[in-house]
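A.B. asks: Chains as they are written, first to last, in the working numbering: chain A, 1 to 614; chain B, 1001 to 1478.
Keep in mind that the hints are not guaranteed to be accurate.
Here are the computed lysine to aspartate or glutamate pairs in the DMTMM-like style, where the Cα-Cα straight-line distance is at most 20 Å [unchecked claim]:
#, chain 1, residue 1, chain 2, residue 2
1, B, Lys1056, A, Asp79
2, A, Lys532, B, Asp1177
3, B, Lys1266, A, Glu454
4, B, Lys1264, A, Glu577
5, B, Lys1181, B, Asp1262
6, B, Lys1445, B, Glu1364
7, B, Lys1090, A, Asp494
8, B, Lys1419, A, Asp494
9, B, Lys1445, A, Asp494
10, A, Lys171, A, Asp79
11, B, Lys1090, A, Glu577
12, B, Lys1188, A, Glu454
The set of hints was computed from the structure by calculation and includes no laboratory data.
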Amino acid sequence: MSDHNLTHHHEEHEHHEDSFISKYVFSMDHKMIARQFLITGIIMGTIGMLMSLIFRLQLAYPDMKFPFLEGILGHWGKDGKLDPNFYLALITIHGTIMVFYVLTAGLSGTFSNLLIPLQVGARDMASPFMNMLSYWFFFVSSVVLLVSLFVDGGPASAGWTVYPPLSALPKAIPGSGTGMTLWLVAMVLFIASALLGGINYIATVLNMRTKGMKMTRLPLTIWAFLVTAVLGLLSFPVLLGGSLLLIFDRSFGTSFYLSEIVAEFAGGIERTGGSPILFQHLFWFLGHPEVYIILLPALGITSEVIATNSRKPIFGYRAMIGSILAIGILSFIVWGHHMFITGMNPFLGSVFMLGTLIIAVPSAVKTFNYLATLWKGNLQLTPAMLFAIGLVSFFISGGLTGIYLGNAALDINLHDTYFVVAHFHLVMGSAAIFGMLSGIYHWYPRMFGRMMNETAGHIHFWLTIISAYCVFFPMHFMGLAGVPRRYYANTAYDQFNVFVDMNQFITIAAILGGAAQLIFLANFFISIYKGKRAPQNPWNSNTLEWTAPVEHLHGNWPGEIPHVYRWAYDYSKPGAEEDFIPQNIPDAGQIDPMQEAEGLPEPSKKTVQETVLA
Amino acid sequence: MKILNLLSKFTLLVALVFNFHLDLSAQSAEEGKALYNANCTACHAINDKVVGPALKDVHKRREEAWLIKWIKNSQALVKSGDAQAVQLYKENNEALMTSFENLSDNEIKSIIAYIKTESEAPAAAANASVATTPGNAEKEETKSDWNSGINWLLFIISIILVLIITTISKILARIGDIQGKPVVNWNKTNSILLLAFLIVGLGAATWEFWAHSKHTIFSSGPASEHGGEYDNMFMVTLVLTGIVFVITQVLLFWYGFKYKADGKRKALYYPDNHKIELLWTIIPAIVLTVLVIRGLMTWNAMMYNKNEKARNIEIYAYQFGWNARYAGTDNKLGAHNFREQGKMNALGVDTNDVNAFDDVITNELHLEVNQPVDLAFRAKDVIHSALLPHFRVQMNVVPGLPTRFAFTPTVTTAEMRLKMKKPTFDYILLCNKICGGAHYRMKMKVVVDTKEEYQKWMNSQKVLVNKNAVNSAAVALK
């Protein structure tokens, strides 16, 4: 593919028209695949968000009837009341969609695909065909998950963590029937997609960098995507194994995860000798790195956006790489903090607690480095920049509550309460979504060749950050009062009645936040056709993707791939004419790209002319 | 006269019979109420569909004999092909109702009697049986209606506001295009909004602490011995993270405000400073070391809390309810055998183990104040989690994997009621691991008694195997 492009890209650009199918459907061009991932992710995200609004309505108004529910949910919303079993289905699918389909595939799939070849200076991914497969596995997986909404008994309802025996015994709840099987099938397909993508990302970053693109010159986005891909590659197979064993337990009468279950309840075969906790270990061995699979790309995007829009080099580039690596490594030895009170040996709990709190150190370093980057910057408060600042704010708010939950002793009373819901929706949900939105606003011109409407972007940001804080901040207090998550209603508990008003407030804020996303959706889809034409380098950025032509073409650059002479963060370098020096500009007299650029580039004639004219 | 006399006698008789009849139904409804609350509320309500269907007028819909069969073993009835049962099973998404084989016919009849009286009572009273007294329920209802009215109004106003903002911004953009420069300087506007967001946000957070802290479990203090240590640990963490939270958020938004581009300045080229970076690696590391050490001490104190004198109690969880099993006078819990679950032995207690004979099974958890207890947890079907928020106790309840939690309650229910100024307060044990449709109602009342109260209550409970029976069995064996 790339060889073909090397020789014929000019002709192809001018004369050769791809057929509709090979251009838009089974495309092997990484830029198109990125757009496919993004749009699928946005659609899944919209569905996931609408689900959350339905169950938020139930939580705020447990006694009220909403006749429209019967219209959209059928017998699950009989007489306008949401069925408790379907409530569980909604929270399960909401979690699954948001964690895997939006924040893993939608975020990492989109930006790794778009940026890795463009920023390292490659014509495409190492294997464009595998890349295409990766998207289509993801697509089929999404379809299977959505189909599971319509099967008898409803979709999987055991929570997105699908702990057995609840998920293993088809009789345990209605959602543990066909719906659960489809959930597992969807997950197996999803893992195939993630692995195909991940192998590709790693191979491309390691082998296909352009001349002069040393590892220490990579933009932080690429570092984040690389570590993310490694995490996925090492942890997703464990979940694959775990899921297969769960399928065995469900369908073939094995007892990997089952113990002391009578035959009557377990499909006629007595189950004994397994361990339900084993599944939790396997699940969280993926599940915890998964948190960083979601978060690291968002942090990488933020690093790039903050540096560009502060017109300053990112502070402590090497420390940032170090902390990405440290977080990546530590993320593999902390999974047990999800299981402090499962009856695991308390000594093991101590070990996991130690690891968990250590991970706060590199996280703190990242936060302080962001702050130092903003300090004495020349901030361009574009929508992308605002969302990046929002991410840092959420990362602080949600990260600090992690210190409570990572502490095994404190976790005893906080485990599985609304405190946890608040924690992960801030640090993983909101922060990563903000990273994704920041990336969309920043790289939209690169993706679609047009600009998004800035005013709508600003309004979108302000409404979203306000509603997100209004939704998740109060939840901490509910958690501290002992309100458990995944409750259909709190009406059975006298002492939780004080939170009726708070629950209504949260729901209204959530609906407003949802409405704000309509502004984004309209802006996104209208701008594809009607946005202003994008200039070559709208944000005056240093990275290589802005040197490629605005119009997409196979192979990315019409001529030779640019060489790289410097790191990605030469913003506002003293003495330089402009406040940015793109990576492909050599210093005066620098011939070898591998040589470090210490001085300044030659003043360009064009700029001089322009100054003269002005 | 004679006729009158006769008539009056007859009236008296009728009145007597009627009265008597009323009394009878009232009495059994009273008993039914207790049984209903203990066994049915997890999945059913009178007027609303919860997990199972609404029970209002169920005595009119079905025959009593059928109801008894259904309640005792719904699965068997469905399997037998009973048309009504199969239809009901399908209507409820093929979720089976728990079998209540331990309820006698008379007990079921009294539950039905209770449902009958509730069905006939006005709706308000039925509502009240869920949580509050009739007066309160009415007040609360009107209050929440009023509230939601205001909320929806707010919602509509906000939507209109959004629309207005969008239109105005469109007009401004057009004017800007005509004039050749943007009307709104978004860079400046955003920087001011960032500052405003910081101030309003910190204000709102402070207000939240002021308004909602009193609803948290920390406001009433711990009700267990290790709870004090727990609360201390929490407060230390709260203070430390609170300081970091304020400092970092203030810096973030302040920088956003202060360093906005104004077209006159160039940013400072400042890529590195190893000293500062080292500093802000080491300081968090030290703070976290303190927290880790403190946390490990608290954790170990809670987890390795063996006490010889602790009273052994087993907490048994099933979809959707709890039982407690007391070890009895020998303080030894009888072994269990999951194969024996069902029929007369809901908890699957090993009937061959002599230690089980004096065990006591209850629907409420009574604890004696200042008496250490060692709770052992066991589940029948899926994973549950026993959360006792006021005692700072939680442990998962896993089928096939024994778990424990030992602690000492220090405040009686009566004392806690006084402290909270809430005479209706009760400690609870609630399920905190997703377990199915009625997960959200799966709870058990917890009572902390004084020594005397505890003894009195314990004496009123049934021992698993009657002592006399044991003695005679022993004699017979000899």
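A.B. asks: What hints, given by number in increasing order, does this structure fail?
C.D. replies: 3, 7, 10 and 11
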